[in-house]
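Spelled out, the chains give:
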Amino acid sequence: MTEPLPRPPKKDPQKRTMTPTSPPHARSRKGIVFSTFAAEGRLALQTCAACKHVIYPAREICPKCWSMDLQWQDIPDGGELIAETTLRTSVNTYFRERMPWRIGTVKLDAGPMVLAHIHGDVGEYERVKMIARTDKSGQGVLLALPEKETANMADDKQLRSLTCDPKHRRILVTDGRTELGQCTVDALVAAGASKIFVGIAEEWRPYPGSAELAKIPGVEIMPLDVTDTISVNELAGEIGGKTDILVNTAEHVRPGAAMQRHGILTARDEMETNYFGLMRLIQAFGPGMRGRGADGDNSACAWVNLLSVYALSNWPVYGTTTASQAAAYSLSQCLRGEFAGSGVKVVNVLFGPLEESWRQPLPPPKVTPKRLADTIVDALRQGIENVTLGPVAEDIVRRFKDDPFVLERELTQAQQGQAV
Amino acid sequence: MARKKFKRAGYAGVVVAAPVSVPYERFSPEPAHWWLARALSELGKRTGLSPEDIDGLCVSSFTLFPDTAAGITQHFGLTPRWLDHVPTGGASGVITLRRAARAVQSGDANIVACIAGDTNHVDSFRAMLTTFSRFSQDASYPYGSGGPNGSFSLMTSHHMKSCGTQREDFGKICVAQRVNALQYPDALMKSPLTLEQYMDARLIADPIVLFDCVMPCAGAEAYVVMREDDAQANNLPYANILSTIERHNAFPDDPVQIRGGWALDKDEFWSMAGVKPDQVDLLQTYDDYPVISVMQMEDLGFCEKGAASEFIQANTLTYDGTFPHNTSGGQLSVGQAGAAGGFLGLVEAIRQLTGEAGENAVPDARIAAVSGFGIINFDRGLCSGAALLERGKND
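Chains A and E supply the protein sequences, listed in that same order.
Sequential numbering of the first sequence, starting at 1, is according to this note's numbering.
Sequential numbering of the second sequence, starting at 421, is according to this note's numbering.
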């Protein structure tokens with residue numbers, strides 16, 4: 001059984017911080033498709049449309065019937081461990097630093113044999129439950145878990161290397177003034193975070209929940225205004241070296257399209273928080289986190305962006321806000337590039353209309369702040385990078401994957417005939 | 421598809437000669453070209469053949485990039501009318517022999533020089549593993565990057581579980597090969613090895629220990645394929661080819677590799693030669709790990725599948741033993757020089773059958789079996805091949 005992970009000791013500032021190394025990153029183009037599903041936490045393999053054969057490793061042709069119509073499909077996650085080994089040497093630096101390392105051959109219930117990482121609680125020749133996740137290189141890998149949950153199983157070395165578990169980690173929530181920010185703090189506390197820094201801009205301004213927030217053990221209220229470069233830099237100077245996870249809950253949302261605005265004042269406010277706010281956080285906290293991707297059991301591991309699903313395609317009802325969120329989404333992709341190889345995951349949660357005051361007139365279904373907060377923590381615990389939350393977001397993402405140009409027409413032409 | 425019965429042609433009149441092994445080095449700053457060149461140069465010295473005499477060339481190498489056999493013709497001053505580049509790694513010796521023999525038999529070439537070689541720079545083994553194959557990049561290298569140690573440890577544990585082989589059996593193979601290597605001048609491993617040392621050795625990937633693993637190195641091997649009457653006219657000692665087989669991606673649905681293509685083709689292998697396993701005087705297996713040698717012994721019919729433990733324990737495996745095996749020490753004790761590792765057993769077999777095996781000569785060796793195995797593309801070796809050779813009549 002997995003030993004519970006002890007709380008990491010206070011860092012000795014005289015000791016050198018381990019430089020992040022990376023497991024192998026190279027993949028074929030089809031291998032990257034596998035990684036894309038793994039980033040969503042999905043176990044999907046190619047299935048031959050003609051003969052239903054499930055195929056692994058990813059190919060260009062069905063080896064049974066030569067059909068080239070291979071569809072990626074979610075497959076049953078059961079399997080059986082039929083051979084295993086414990087590696088004690090590796091030519092790759094990342095693994096070499098983490099030996100011994102358990103791998104094995106799993107016969108999937110869906111058919112193929114796969115090579116996989118093996119969780120420490122899986123017994124010899126036992127049945128297993130497979131998951132696909134991105135590893136520290138950002139590429140998808142398979143891990144065999146015990147079929148039934150075991151005690152402390154999230155603390156297993158090989159599983160924890162794929163997740164961003166908040167347990168024993170120090171987390172910055174950038175805006176604690178909102179219900180979303182406070183729900184996020186609650187969920188992170190429940191997940192075992194050792195310290196939660198909560199950013200509050202203009203602390204003299206009262207806000208609901210402030211007294212309760214300050215009382216939560218492990219919570220530290222910090223002055224932070226993401227629209228103010230000096231404020232962001234000062235906070236990073238104080239806690240940047242011990243921020244393991246950053247959850248950016250700051251947002252500025254206003255209804256309205258471009259022609260409904262007079263001048264660019266509102267649009268600039270949206271950009272100041274949603275785009276430049278993210279930019280300031282990246283510049284202030286990014287380099288420190290990137291350098292601490294392998295810093296022991298509480299290494300830096302995740303950067304969470306909360307993005308309206310309309311970041312994918314403009315929705316004129318919130319036209320200028322969506323534009324700033326599209327800019328933020330694009331910057332999050334840039335951040336992924338900059339974090340590549342560091343072991344820090346960029347977790348993007350695309351959500352549908354949130355149950356909060358600036359989205360009050362929108363019809364249901366909506367996402368409650370608590371649900372969004374729980375989803376963030378679940379994604380961190382599972383190591384999932386791309387999350388779509390709520391029926392509206394799921395619908396938009398589905399249409400986006402199907403054809404982004406059709407989606408653009410659907411979202412923009414729906415406005416015709418409506419009163420301006 | 422409907423298909424009429426067709427009998428494969430034998431290799432009458434085609435022979436192998438001029439076994440050349442370039443002494444291996446653990447690391448070399450020279451490129452693969454240098455190692456292949458040295459093998460060819462040595463071949464010329466040994467046989468008196470000049471660049472004009474060679475009208476066929478077959479090359480096997482992993483580290484020749486950016487060149488292939490084509491570029492080598494210009495580099496080495498050859499104008500061959502038949503050319504091949506064999507990418508089958510550990511099976512390349514036997515497969516090169518098959519290609520070259522048919523070329524000579526049909527008259528497409530008169531004398532084919534077969535050369536294999538690779539260099540080993542300080543970081544080239546890691547670099548090769550990183551880019552070895554698409555399937556390995558996608559589906560095996562990211563899992564701990566143990567390289568072949570990882571894949572073969574799974575095969576070894578599976579073989580032990582399914583076939584009852586013991587670590588002592590693998591140990592006996594390794595120890596016997598070390599005995600052979602102590603007398604083979606070019607072996608890199610020169611300290612004696614005992615079974616106790618093997619059993620107590622450092623674990624590399626359970627159940628594989630240090631002595632189960634080959635040492636990557638630089639080296640080259642070569643031989644020629646020519647017509648028997650040409651060999652006789654030039655007083656070159658040679659061996660005849662009695663039969664050969666090759667197979668790729670055999671038994672793809674076996675969950676973990678427990679057999680290779682030999683098991684599909686062994687009946688033809690023996691019947692083509694008109695020889696039975698007990699008439700074989702020496703066996704050269706591809707020994708990247710001892711479990712693969714065991715698999716070849718089983719699949720070629722020297723013992724039943726699952727009876728290898730008993731077979732190994734009932735025999736002595738040194739060059740002077742009851743079942744002479746990997747008589748130069750094999751890759752386990754000589755070193756693994758990339759694609760040259762696929763030639764090592766074949767070249768040693770030719771030495772044995774042409775009276776050039778020196779202190780390691782198997783007494784009165786007449787028939788040798790050679791087997792190859794290569795290309796761990798994902799989870800298993802894809803290529804297998806084997807050849808039966810007989811001492812030539814002019815020796």
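Please note: incorrect hints may appear among the correct ones.
Unchecked claim - Derived lysine to aspartate or glutamate pairs resembling EDC-like cross-links, with alpha carbons at most 16 Å apart:
no., chain 1, residue 1, chain 2, residue 2
1, A, Lys107, E, Asp673
2, E, Lys581, A, Glu126
3, A, Lys64, E, Asp674
4, E, Lys581, E, Asp674
As the list claims (entries may be wrong) - Partial selection, computed: residues in chain A whose CB lies under 8 Å from chain E:
no., residue
5, Ser22
6, Pro23
7, Gly31
8, His53
9, Pro57
10, Ala83
11, Thr86
12, Leu87
13, Phe95
14, Gly104
15, Lys107
16, Ala116
17, His117
18, Val141
Just so you know, these hints were derived from the structure itself, not from any lab.
Keep in mind that this is a model prediction, so the values were computed, not measured.
Backbone N, C-alpha and C define an ideal beta-carbon position, used for all residues, glycine too.
Verification of the supplied hints:
| no. | hint | in the structure |
| --- | --- | --- |
| 1 | A:Lys107 <-> E:Asp673 | holds (11 Å) |
| 2 | E:Lys581 <-> A:Glu126 | holds (15 Å) |
| 3 | A:Lys64 <-> E:Asp674 | holds (15 Å) |
| 4 | E:Lys581 <-> E:Asp674 | holds (15 Å) |
| 5 | Ser22 | violated (10 Å) |
| 6 | Pro23 | holds (6 Å) |
| 7 | Gly31 | holds (4 Å) |
| 8 | His53 | violated (11 Å) |
| 9 | Pro57 | holds (4 Å) |
| 10 | Ala83 | holds (4 Å) |
| 11 | Thr86 | holds (5 Å) |
| 12 | Leu87 | holds (4 Å) |
| 13 | Phe95 | holds (5 Å) |
| 14 | Gly104 | holds (7 Å) |
| 15 | Lys107 | holds (5 Å) |
| 16 | Ala116 | holds (7 Å) |
| 17 | His117 | holds (6 Å) |
| 18 | Val141 | holds (5 Å) |
Going through the hint list in order, the structure does not satisfy hints 5, 8.
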